[in-house]
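Chain by chain, the residues:
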Amino acid sequence: MSEDLKEKEKEQKLPQLTTHQAGQLTTFRKYLPLLTNLAGRDFKLKYRRSVLGVAWSILNPLLMMLVLTQVFGLLLKIKVENFPVYYIVGSSLWTFFSEATQLSMTSVINSAQLIKKVYIPKYIFPLEKCLFALENFLFSLIAVVLVMLFQRFVPSITTLLFFIPVLYVLIFSVGIGLALSAMTVYFRDVMHLYGIVLTIWMYITPILYPVEVVKDNAFVYAVVSHNPMTYYVTYFRDLLMYNTIPGLRYNLICVGWALLALVIGGLIFHKAQNKFILHL
Amino acid sequence: MDKNALEALDKEDIAVSVQHVDMHFNMSKEKLENLKEYFIKLMKHQLMFEDFVALRDVTFDIKRGDVFGIVGFNGAGKSTLLKVICGVLKPTKGTVLTRGTIAPMIELGAGFDMDLTARENIYLNGSVLGYSKKFMDEKFNEIVEFSEMQDFLDTPMKNYSSGMVARIAFAIATVTTPDILIVDEILSVGDFKFQQKCEKRINEMMEGDTTVIMVSHSMEQIERLCKHCLWLDHGSVKMIGDTKEVCDAYRRA
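Protein chains in written order, with our numbering: chain A, 1 to 280; chain B, 1 to 253.
Hints in this document: simulated from the structure, not taken from any laboratory.
For glycine and all other residues, C-beta sits at the position ideal for the given N, C-alpha and C.
Possibly wrong hints are sitting among the right ones.
Stretch by stretch, here's where chain A covers chain B in the computed footprint (C-beta under 8 Å, at least three residues) [stated by the list, open to error]: (1) 79–89; (2) 116–127; (3) 131–145.
Chain B on its own, in the form it takes in the complex (with noise of 0.2 Å):
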């Protein structure tokens, strides 16, 4: 292990430690996936590459409990970042370490199979996520509460609607009290129960020691949820600390 991570080891209260992590993009200007084209290109040297720099030198702590949001206009490199903080992405420089398990909620339902059914599915998501399928027995009804398709359960997701899928994603992702639970943007699933419940559910997480981060567009539920906050601006740091100072700042602008 590094300098830095030693560093980090130090204080224990840290969950989330982001050091000097800089993203580029080698975005080829069109898209070559066939190797006519490629060598055609290479020949008349008009393989450009656009260097596009999405992070730039982030650096930040997430304290162990925290629930932290992150807000930046669109492009500002906010999925990135959380992208980078879940694994996702590999940082072209810096280090990002974290401690403990990781449910990212990015997006809701990756990793089903909509040709399997609701039960088969459950048990491909939970190993997505990297449960064991002895843990999955123990929760599975509890799952299937949560989402409340016990109807549903032998028909194949391709015949569930987007209201129904979210459900039971919800469900699975939140089935364990992870460490860090990332959360960009999901609230808006289902009807205005279930919305309801799923806030409930995130607000008992966020009451134990779970570390949140979340990104949205909302600055009112940023406002009512997050103790700090990061102001992301074209990929750099532009402001970091108490939510109040941040969004007001970040309203001005």
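So here's chain A without its partners, still in its complex pose (with noise of 0.2 Å):
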């Protein structure tokens, strides 16, 4: 556009004629309160009608953890040591992953009244869900607190960069939702499909036990060593439990993951996005 247009356009302090594809970061800001009144909604529709309310979000994984390493100790005599807060500390970033992710496959067809009547940037919508896991995972934390103290376990002091796996994640599952978001569009099967897919994910991520005891089978520890969850919950817990900073190249690998899955999400994201309003 040449000077002397942008003058006169200032001169009449008329918004200029756009189409609606320009200007992505300015769109984003304008709908940045809708994005938190979204994760606001869903938070408070979570616990409305509930005596314990957010309590809730406390009470599930120390819940689920009792349940969990009782069965798994007694059962598969699993010798980890501190094994309640090696398991907690593995599952808080578990389930943020796995809520994050089936939140947002559903979140593009649970919106089509929205989307079908108003222009919203899309994308907003996935996005909304993990940042409502995210703020689900950071109340989880405090069980993951309760159980240290309770285990008379000393945090050190590398567990104050616990945020640079969160944020990992974070921008895994923003990528992973949003591939999942526009597949589910398209084919309703990718939801069933999915939570087969995060079983066997579960699985294969050292949760319920060390990555050495899957040591003697080859292909499993390759499948069990190279799936990026792993990574994460391993420097969750270095940072949490075992005063080590992952070193340079181990970060790298992180980083590489979360923006691998970004760029590949995003891509069929923005792809399928035009489209959407014929399927929903």
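Using the hints, put the two chains back together into the complex; each one sits in its own frame.
Below is the structure:
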């Protein structure tokens, strides 16, 4: 656009003629309140009419930990030092990922009413679900702290860096969530399939067992140790339990997986979004 | 920005510019929603798509401050055109340029969550339309006053009647003076007193700088309110011009 035309526009104080695709970033800022309002709505609705309210976000992981550590401790005789802490640290991060991606998956089809009627950047919906899951995750960290206290576990100074793996998982989840939400619009089967995928994925992530347990089986070991979620969960435990900060190479792999998911998810979503409305 | 856009910028009095817009729907004959069906059809080469043309080479400009009516029979593409203008649908071909904020009133109440209270919904719906929290704080009382729903603010909206929902929705949609207001047969909600109130509010906007685009099957309403008119027939522009000429021709069709 030439300079004098710009000047003209300014003089008249007229908004410019634009296409709807223009100004991605400015639209993001415009719809930021929508993002927070939607996440706030989800949070309010989750606990409305429940007596204990937000306490469930803390109680739930605690009760699950009690059940699972008892069962797995007895049945499988897993020898991990501080198993309850080991479990709840890993599972809290896993729950964050699985909740974020599952909610994202149905976010677009559940917002059909809105998408059909008003122009809204559609990535808002999966993004919002990931933020909502993050909110829940932060509450569940209270449960982690409680278990640590109960076990008289002294957390190390590296705990303060806990936000790094959380950020990685957030980006990774947004990527997967974008891809899933777009695919679900076209094929509702994705919903059923992903439930199974998640179950398998959980078992190939060392949440209930240490990685060493599967060392004997080369194939399983390869799968488990190349699983991006293994990287994130291990990172989280290193910081919270073992007083170590993973090195640069480890960080690069973590970032690599997160960005790869984000780019692929973003591309799939971007390519599919203009036709959403025809399939909703 | 492409050449067309620059040309349009030259004419400052244009609020909406629709240029050579085609809208195709690739309608599969049945709605396939699961993978199994999809692959079976794919294997059998039965994956038939019907190319449905909803809009064909539609070109027109709307001047700033104009009240622009769109008429046409059912299925002529009126609602599709409105959706293209406000950005819900992306045209298959062509460009749509708009100037300023658009308040779509295509269907009232889109973006309400019926489990939330009216108070919460007012903020939610405000953000759906792209208003900031600060702005909504300022306008909250105005919205409540206009809707006359003070006594039910903290009731979940699932307990509202449809008329009550419409009151809140209309109050939110018209709380600002948008640059472009899109009205799609929505004046038929609420009791007669509220309808008058709505029409008064729309008239106020029309007198200002707001460009109004309206679709209605009430020819009386179109002739009373609009300055210019577009007659859409099977997705193409049949006629465009002064309301009276277009309406007369349309009546004879």
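(message) Taking 8 Å as the Cβ threshold, is the statement that the stretch 79–89 of chain B is covered by chain A upheld or broken by the three-residue rule?
(response) As far as the stretch 79–89 of chain B goes, the hint holds, because 4 residues have Cβ atoms under 8 Å from chain A.
(message) When I compare C-beta atoms, does the stretch 131–145 of chain B have three or more residues closer than 8 Å to chain A?
(response) That given contact holds, which follows from 3 residues of the stretch 131–145 of chain B lying within Cβ reach (below 8 Å) of chain A.
(request) Test coverage of the stretch 116–127 of chain B by chain A using CB-CB distances below 8 Å; three residues minimum. (result) Held - the stretch 116–127 of chain B has 6 residues with a Cβ nearer than 8 Å to chain A, which meets the minimum of three.
When the structure is compared with the earlier hints, no violation turns up for any of them.
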